[in-house]
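J.: Given these sequences and hints, build the entire structure.
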Amino acid sequence: MRTFALILCLLFVSRAARAEDWRQFRGNDSSGVGAGENLPTKLDDPQTLKWKAELPGRGLSGPVVVGNRIFLTASSGYRDDRLHVLCFSTETGEPLWDRQFKATGRTVCHESMCMATPQACSDGERIYAYYSCNDVICLDLDGQLIWYRGLGHDFPNASSSLGMSSSPVVSDGALVLQLDTDSESFATGLDALTGATLWKHDREKSAIHASPTLYHPSGGNAAEVILQSKKSLQAIEPRTGKIKWEVEQPCGSVASSTIAGDLVVAPLRELTVLRPSESAPVPEVVWSDSKLSPDTPTPVAYEDRVYVLKDSILSCADLATGKPEWQMRLKCKQAYASPLAGNGHLYLADENGVLQTIELGGEKGKIASRLELGETIMCTPALAGEAFYVRSDKHLWKFAAPN
Amino acid sequence: MHWHPIVILSCVLTLLCARPGWIGAAEMDESIQALMDVGAQGKGHEQAASALRDLSQQPATALLPLLHGMDRANPIASNWLRGAFELIADRELKSGRLAVQPELEAFTLDRSHSAESRQLAFDWLLKIDPDAADRLVPGMIDDPSAEFRRASVQRLLDEALRAHDAKNVAGCKTLYAEAFNAALDPDQLDLAFDKLVELGEAPDLKRQLGLLNRWWLIAPFDHRGGIGFDAAYAPESEIDLQKKYAGTEGEVAWVEKTSDERHAILDLNNLLGRHKGAVAYAYCEFDSERDQPAEIRLGTPNGWKLWINDQPMFAHEEYHQSSRLDQYRTPVRLKAGKNRILLKICQNEQTQDWAQRWEFQLRICDESGKAILPVGAPSSDAEKVSQR
Numbered sequence: 001m002r003t004f005a006l007i008l009c010l011l012f013v014s015r016a017a018r019a020e021d022w023r024q025f026r027g028n029d030s031s032g033v034g035a036g037e038n039l040p041t042k043l044d045d046p047q048t049l050k051w052k053a054e055l056p057g058r059g060l061s062g063p064v065v066v067g068n069r070i071f072l073t074a075s076s077g078y079r080d081d082r083l084h085v086l087c088f089s090t091e092t093g094e095p096l097w098d099r100q101f102k103a104t105g106r107t108v109c110h111e112s113m114c115m116a117t118p119q120a121c122s123d124g125e126r127i128y129a130y131y132s133c134n135d136v137i138c139l140d141l142d143g144q145l146i147w148y149r150g151l152g153h154d155f156p157n158a159s160s161s162l163g164m165s166s167s168p169v170v171s172d173g174a175l176v177l178q179l180d181t182d183s184e185s186f187a188t189g190l191d192a193l194t195g196a197t198l199w200k201h202d203r204e205k206s207a208i209h210a211s212p213t214l215y216h217p218s219g220g221n222a223a224e225v226i227l228q229s230k231k232s233l234q235a236i237e238p239r240t241g242k243i244k245w246e247v248e249q250p251c252g253s254v255a256s257s258t259i260a261g262d263l264v265v266a267p268l269r270e271l272t273v274l275r276p277s278e279s280a281p282v283p284e285v286v287w288s289d290s291k292l293s294p295d296t297p298t299p300v301a302y303e304d305r306v307y308v309l310k311d312s313i314l315s316c317a318d319l320a321t322g323k324p325e326w327q328m329r330l331k332c333k334q335a336y337a338s339p340l341a342g343n344g345h346l347y348l349a350d351e352n353g354v355l356q357t358i359e360l361g362g363e364k365g366k367i368a369s370r371l372e373l374g375e376t377i378m379c380t381p382a383l384a385g386e387a388f389y390v391r392s393d394k395h396l397w398k399f400a401a402p403n
Numbered sequence: 001m002h003w004h005p006i007v008i009l010s011c012v013l014t015l016l017c018a019r020p021g022w023i024g025a026a027e028m029d030e031s032i033q034a035l036m037d038v039g040a041q042g043k044g045h046e047q048a049a050s051a052l053r054d055l056s057q058q059p060a061t062a063l064l065p066l067l068h069g070m071d072r073a074n075p076i077a078s079n080w081l082r083g084a085f086e087l088i089a090d091r092e093l094k095s096g097r098l099a100v101q102p103e104l105e106a107f108t109l110d111r112s113h114s115a116e117s118r119q120l121a122f123d124w125l126l127k128i129d130p131d132a133a134d135r136l137v138p139g140m141i142d143d144p145s146a147e148f149r150r151a152s153v154q155r156l157l158d159e160a161l162r163a164h165d166a167k168n169v170a171g172c173k174t175l176y177a178e179a180f181n182a183a184l185d186p187d188q189l190d191l192a193f194d195k196l197v198e199l200g201e202a203p204d205l206k207r208q209l210g211l212l213n214r215w216w217l218i219a220p221f222d223h224r225g226g227i228g229f230d231a232a233y234a235p236e237s238e239i240d241l242q243k244k245y246a247g248t249e250g251e252v253a254w255v256e257k258t259s260d261e262r263h264a265i266l267d268l269n270n271l272l273g274r275h276k277g278a279v280a281y282a283y284c285e286f287d288s289e290r291d292q293p294a295e296i297r298l299g300t301p302n303g304w305k306l307w308i309n310d311q312p313m314f315a316h317e318e319y320h321q322s323s324r325l326d327q328y329r330t331p332v333r334l335k336a337g338k339n340r341i342l343l344k345i346c347q348n349e350q351t352q353d354w355a356q357r358w359e360f361q362l363r364i365c366d367e368s369g370k371a372i373l374p375v376g377a378p379s380s381d382a383e384k385v386s387q388r
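As given, the protein sequences belong to chains A and B, one line each in that order.
Under UniProt numbering, the residues of the first sequence are numbered 1 to 403, in order.
Under UniProt numbering, the residues of the second sequence are numbered 1 to 388, in order.
Hints listed in this document are in silico derivations from the structure and should not be mistaken for laboratory results.
As the structure is a computational prediction, the values presented were derived from the model and not from experiment.
Just so it is clear, CB atoms sit at the ideal spot from N, CA and C, and this is done for glycine as well.
It is possible that some hints are incorrect.
As the list claims (entries may be wrong) - Quick list of in silico lysine-lysine cross-link-like pairs, DSSO-like style, CA-CA up to 30 angstroms: (1) B/Lys43 with A/Lys205; (2) A/Lys331 with A/Lys364; (3) B/Lys43 with A/Lys50; (4) B/Lys94 with A/Lys394.
Unchecked claim - Beta-carbon label-pair distances, calculated as ranges: (5) B/Ala133 with A/Ser206: 40 to 48 angstroms; (6) A/Ala280 with B/Gln350: 34 to 42 angstroms; (7) B/Ala26 with A/Ala196: 22 to 30 angstroms; (8) A/Ile367 with B/Asn269: 43 to 51 angstroms; (9) B/Ser112 with A/Glu91: 56 to 64 angstroms; (10) A/Glu284 with B/Asn269: 46 to 54 angstroms; (11) B/Pro312 with A/Glu204: 19 to 27 angstroms; (12) B/Thr330 with A/Ile367: 47 to 55 angstroms; (13) B/Pro293 with A/Ser112: 30 to 38 angstroms; (14) B/Gln101 with A/Lys366: 54 to 62 angstroms; (15) A/Ile313 with B/Gln292: 52 to 60 angstroms; (16) A/Arg269 with B/Lys338: 50 to 58 angstroms; (17) A/Asn221 with B/Thr330: 58 to 66 angstroms.
T.: Below, the structure written as structure tokens:
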């Protein structure tokens, strides 16, 4: 048994996320922060655009980067039932492979969305692609199918006519998915190697579009997955589904929680900063503020400050106290993309395809660059290694600082 | 399992030129069966994963057996087979060894195969031979596969547009009528319908979509506080169109209503009065020519339940998230003769402007979207136009 546990540990820990990877929605640690020290900050400098690659379908899902490969989901066809998993070279943007599958669940959604709305995730060895029709596909990095589940086929009532957008996370050998709709809701953990169901929790019937958030407690304890619902915020063990702690407050249904070190910044009734602790059954509330409650984009915490983008207003507050620091009105349309941070800047993308970087560190934010791509962007980009990746309706783009 | 002679020949050739990792026909048969045995809830994953590893090492000769497997596979298993097919086909294409063009073309054209397997064969045929689309698609105008039919109809619509630009009114009208008669997808039907109306014709869009336009309705029953979705009111235990029942606001009776709306939307606010926290029932009878599989395709922004011949088929409770044609697809079995269709439509108590619709639209078609018409349905005007 001990040997088995050791093998499991080696299997899942030996591929600990590398800083140059971006393995899930808002990054390896669900912080939305890129570690690169030379991330591009002048996106309007033509030399920063390294390449753009054409896409065979739509998607609101962001890029996943593992080593020198980028993985992306897309969907196509009149019925939007062709599900793609795509792989590109980070160096050249060359398409390496495209695997297509056929949706087994409902492919109806709001016209702005599509089946490839949730973002894929990776444990460094496999890609886990999840779609609005509740199909789940596991492939190795070379495109070999490992397993396929049709959760829409298994649970046909767990569907939303608006579409599903919650992006899964993978941790401790378990893929954690949240399928919360008005008609049937559940969270489930699937064995990452086989696709078998490890656990399934029925949840309150209410549509939640937010994503599970990976949280690494201080002291090196095993990662937890934070789930939002209209009833509470829960932290669970990914492998067992066991609830570690719970805050009984209704959560926002679209923006997700974000992580800042050992703090959880959660959209409860108000934006609330929590400090979970092994010794306390309920996390300490550090502060909360209704004025900072997010809409669609998930807030990001960076260098002791928290940033919230609501409509075209960017607000900055002190992470430790919640004290407002500054606000700025941006020239942009509604953003579906969550802001990211790195190299002293925020990275923003709006629906009209306007990219902006905001220089931080001073008394106010300052627009460092603004670039109109001319294509719709509804995904959250990636900051992997020293590059900024974003997907529009038609292309995948790579930006990096000029050599 | 019966294989096509080409498949058997391919397997024999494979054996003769076998490389390490290649397996014989019997083992391939077993591996494919392991993928076909995958079911719901992760059933059969362990055996299938092992089989998938074996199959992925096979040469291009494994492709046709995989396609044949898809013909008989459930939707989940079909994707496992597809995963093996795509991996092999991609590898062989990149190494210049995907020399199965005639086989893929023959498979594509053979309508006895499933729409899924034929489409996959065609997708990969196009990677080898991009001109195959021009060669094959025009002949797919009556294809049972919705995707093939759609591509073929699109060519007619494009041709009709060119005829219109060339002021060829008669040709244009014929082409749009052909497209209207062949199309399965609502967007193509809508386009052809509008063009035919502009050209002075009066095609029957509701008929072509298989929309049911005449219903018996009764309401309101109580759904205040959300109680009505699970409450079984009288129409769930008996259908007597002459009878009256106790409703939320007094006695209620069945009334027969039709819709003038293009896609046969029955607007209950308009037809029965504006109610919130209310349940309505809709009933009709459908005379099926024979015992046959069918899809009930429903659009509604409200919570709903569906019964066919008194048997519950599906129920879904969500409100005001959207409403559209073909929003919900429920597979059913129609019996020969009269079929009783009962629908429950629940309106909640949200007060926002965007949460006031109380309506439904319903059509009956086959899996591809082709309308299933009741016995005695008249032929359409568009059919007459295209036959001129």
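J.: I want to verify a distance hint. Is the separation of the beta carbons of A/Ile367 and B/Asn269 within 43 to 51 angstroms?
T.: holds (49 angstroms)
J.: Given the hint of 56 to 64 angstroms, is the C-beta distance from B/Ser112 to A/Glu91 inside that range or not?
T.: For A/Glu91 against B/Ser112, whose Cβ atoms are near 46 angstroms apart, the range 56 to 64 angstroms is violated.
J.: For the pair supplied as a hint, B/Lys43 and A/Lys50, confirm whether the alpha-carbon distance does not exceed 30 angstroms.
T.: Outside the cut-off at roughly 45 angstroms; violated.
J.: Confirm or reject the claim that A/Glu284 and B/Asn269 have a C-beta distance inside 46 to 54 angstroms.
T.: Holds: the Cβ-Cβ distance is about 50 angstroms, inside 46 to 54 angstroms.
J.: At the C-beta level, are A/Arg269 and B/Lys338 separated by a distance inside 50 to 58 angstroms?
T.: holds (55 angstroms)
J.: The hint says 34 to 42 angstroms between A/Ala280 and B/Gln350; measuring C-beta to C-beta, is that right?
T.: Roughly 39 angstroms apart at Cβ, these two residues keep to the hinted range, so it holds.
J.: So does B/Gln101 sit 54 to 62 angstroms from A/Lys366, Cβ to Cβ?
T.: holds (59 angstroms)
J.: At the C-beta level, are A/Ile313 and B/Gln292 separated by a distance inside 52 to 60 angstroms?
T.: About 58 angstroms separates the Cβ atoms of A/Ile313 and B/Gln292, which means 52 to 60 angstroms holds.
J.: So does B/Ala133 sit 40 to 48 angstroms from A/Ser206, Cβ to Cβ?
T.: For B/Ala133 and A/Ser206 the Cβ distance comes to about 46 angstroms; the hint holds.
J.: Take a quick look at whether B/Lys94 and A/Lys394 sit within 30 angstroms of each other, Cα to Cα.
T.: The hint holds at about 25 angstroms.
J.: Looking only at beta-carbon atoms, does the pair B/Pro293, A/Ser112 fall within the given range of 30 to 38 angstroms?
T.: holds (34 angstroms)
J.: Check the hint pairing B/Lys43 with A/Lys205 against an upper bound of 30 angstroms on the C-alpha distance.
T.: holds (27 angstroms)
In this structure, the hints that do not hold are numbers 3, 9, 17, in rising order.
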